[in-house]
Each structure stands twice: as structure tokens, then as C-alpha cells.
Amino acid sequence: MGAEKRTAAEKADFKRELTQVVPHLRAFARGLCGRADMADDLVQEALLKAWAAQDRFQPGTSMRAWTFVILRNAYLTDMRRNRFRGEYDETVAERVLTAPAGQEEPIHLSDMHRALLTLPPERREALLLVGAGGFSYEEAATICGCAVGTIKSRVGRARAALNTMLTEGSIPQHSLDDETAHRAILEELDEVASGNGVAARS
Amino acid sequence: MTADEKSASGKGGEKRSPGREAGKPDWSNGLRQLYDSVLDEELPDTFKDLLSKLDDKD
Numbered sequence: 070m071g072a073e074k075r076t077a078a079e080k081a082d083f084k085r086e087l088t089q090v091v092p093h094l095r096a097f098a099r100g101l102c103g104r105a106d107m108a109d110d111l112v113q114e115a116l117l118k119a120w121a122a123q124d125r126f127q128p129g130t131s132m133r134a135w136t137f138v139i140l141r142n143a144y145l146t147d148m149r150r151n152r153f154r155g156e157y158d159e160t161v162a163e164r165v166l167t168a169p170a171g172q173e174e175p176i177h178l179s180d181m182h183r184a185l186l187t188l189p190p191e192r193r194e195a196l197l198l199v200g201a202g203g204f205s206y207e208e209a210a211t212i213c214g215c216a217v218g219t220i221k222s223r224v225g226r227a228r229a230a231l232n233t234m235l236t237e238g239s240i241p242q243h244s245l246d247d248e249t250a251h252r253a254i255l256e257e258l259d260e261v262a263s264g265n266g267v268a269a270r271s
Numbered sequence: 358m359t360a361d362e363k364s365a366s367g368k369g370g371e372k373r374s375p376g377r378e379a380g381k382p383d384w385s386n387g388l389r390q391l392y393d394s395v396l397d398e399e400l401p402d403t404f405k406d407l408l409s410k411l412d413d414k415d
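For the record, the sequence lines run as chains R and V. The first sequence lines up with residues 70 to 271 when you count with the working numbering. The second sequence lines up with residues 358 to 415 when you count with the working numbering.
Isolated chain R (complex conformation):
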């Protein structure tokens, strides 16, 4: 069906579905880039790209997964242009998680977010997709354009790293400001992006 012109009804359906996934795009973007204002800019960019590419959307498939690919590609591109440095958004700093029953110390959302942002981007996105977005490993693999085993491994490593940071309270403060760390992240990004021949490179 790819290149056919869409009818008005199909366009209306597309727009309705696109509208419904906006909160999810914002949540994914916030987790990816850490700052609410930059995340929202990224979502706007992704929405415009999705709209322009709507003829490539297969009706009946997951709009959330499709738009996440577009958002992710926009993020990777911007990351390589050095726009995001995983800066931490202080507006969430005061939020505190409810302590699970039987546990004394609540985990602060701010600690969680900061710890998340210290992860290499490909592990962070894998954990966000599976652990927060509720995607299956298979769906996450499709979104990231890699093998299911790769996603499982990334999620596992991300969980282990977060576990260490949050249980030992050893969250790096400024790791992403560090020039060396930043360069390493950009190199990993190139790797992630090159493994991604899939959809929506728009």
C-alpha cells in the first residue's frame, strides 16, 4: 500500500492515532534526553516528520512503535550534532517515589532519572522501551533495528548498572559533562545508528 494517496478518512484516522501517542512520545523523549524543553522540541520535530511520512505508515500497525522509531532517529541525529548532553532537568528533582512496602528509604525520582541519564544511550533506550514503555523485547528490537538478543543484553546491563547505582547510592554527578565520556557516547551512538537500517530514516 505504501505510496498510494490516502483518503480523507484515512488521514483523519492517522491524525487521531498520532494525537493519541503524543503523551507517550513526550515520556520517551524525556527519558532519552533528560530535559523537558528539549524533549518537547524533539517530539514536535518527530510529529512533523511523522505527518510528512504518513503514507509509509501501515494502518493497523502500532502507531506508538512507528513514531518511536522516528523520534529515536531524530534524537540520534541531534545527539550527533551535539545538542543534547544528557542534561538533567531540575524540575523533577523534588519528586519522591512512594516507598515500596517494607522498605525504609524511598527512591527519589530525581536519582532514578539522573542514574538513567548516565547509561550509554543504547542501554538507556532499551530499558526505557521495555521497562517503562511496556514494549516486548521483540517490539523494542524492531524499534531499535537490532536483534532481540541484543535488546535483552542491553536491558540486562542497564538494569544491573541502575541497580548498582541506586542501591549503593553511587550515581555519578557530572559524568556527561566530561569531555571523554561525551566522546565515548558519541562513538557508541554512531554504532547504534549504523545498526539501524530499518524504518523511517526520514
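I should point out that these hints are in silico values taken from the structure, not numbers from a laboratory. Some hints here could point you the wrong way.
[To be verified] With a straight-line cut-off of 27 Å between C-alpha atoms, the simulated BS3-like cross-links for lysine-lysine are:
hint : chain 1 : residue 1 : chain 2 : residue 2
1    : R       : Lys118    : R       : Lys84
2    : R       : Lys74     : V       : Lys410
3    : R       : Lys74     : R       : Lys84
4    : R       : Lys118    : V       : Lys410
5    : R       : Lys80     : V       : Lys405
6    : R       : Lys118    : R       : Lys80
7    : R       : Lys118    : R       : Lys74
8    : R       : Lys74     : V       : Lys405
9    : V       : Lys405    : R       : Lys221
10   : V       : Lys405    : R       : Lys84
11   : V       : Lys410    : R       : Lys80
12   : V       : Lys410    : R       : Lys84
With chain R fixed as given, assemble chain V onto it according to the hints.
Frame of chain R, contents of chain V only:
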């Protein structure tokens, strides 16, 4: 065109506390809460404007 601060202050993460899944560390719910807290925010006007303008873009 950035969302202003008040959109980010939202409702906080206290609303949902999904049941703990067996075998997962305590913070795994926090990840979900982080995500859900953004879902719960009211959509900034910039998005409403953008969505309403999409139809004119063809």
C-alpha cells in the same frame, strides 16, 4: 517555543503505584513512574497548536 515550567511540574509521580512485579528490584516501578508521570501531564498548548495546524500542511 519551549514548554514552560508549569507544564513540567505536573502532578508528580505519586498517583500510580503499579503492583510490584516479582523478581524485579524496587526501583523498576520507579522507571515506570517516571514515564507515567509524563503521560499524566497536561499537554502543552504548543502541541495542540501544532496538531491543529497539521491539516493545513498538505
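Evaluated hints:
1. R:Lys118 to R:Lys84: Since the Cα atoms of lysine 118 of chain R and lysine 84 of chain R sit roughly 13 Å apart, the hinted pair holds (cutoff 27 Å).
2. R:Lys74 to V:Lys410: 20 Å, holds
3. R:Lys74 to R:Lys84: Distance ~15 Å between lysine 74 of chain R and lysine 84 of chain R Cα, so the pair holds.
4. R:Lys118 to V:Lys410: Between lysine 118 of chain R and lysine 410 of chain V the Cα gap is close to 14 Å, so the pair holds against 27 Å.
5. R:Lys80 to V:Lys405: Holds - the C-alpha atoms of lysine 405 of chain V and lysine 80 of chain R are around 17 Å apart, at most 27 Å.
6. R:Lys118 to R:Lys80: With a Cα-Cα distance of about 15 Å, the restraint between lysine 118 of chain R and lysine 80 of chain R holds, given a limit of 27 Å.
7. R:Lys118 to R:Lys74: 17 Å, holds
8. R:Lys74 to V:Lys405: Satisfied, since the Cα-Cα distance of roughly 26 Å is no more than 27 Å.
9. V:Lys405 to R:Lys221: 36 Å, violated
10. V:Lys405 to R:Lys84: At roughly 12 Å apart (the allowed maximum being 27 Å), lysine 84 of chain R and lysine 405 of chain V satisfy the hint.
11. V:Lys410 to R:Lys80: 14 Å, holds
12. V:Lys410 to R:Lys84: Since the Cα atoms of lysine 410 of chain V and lysine 84 of chain R sit roughly 11 Å apart, the hinted pair holds (cutoff 27 Å).
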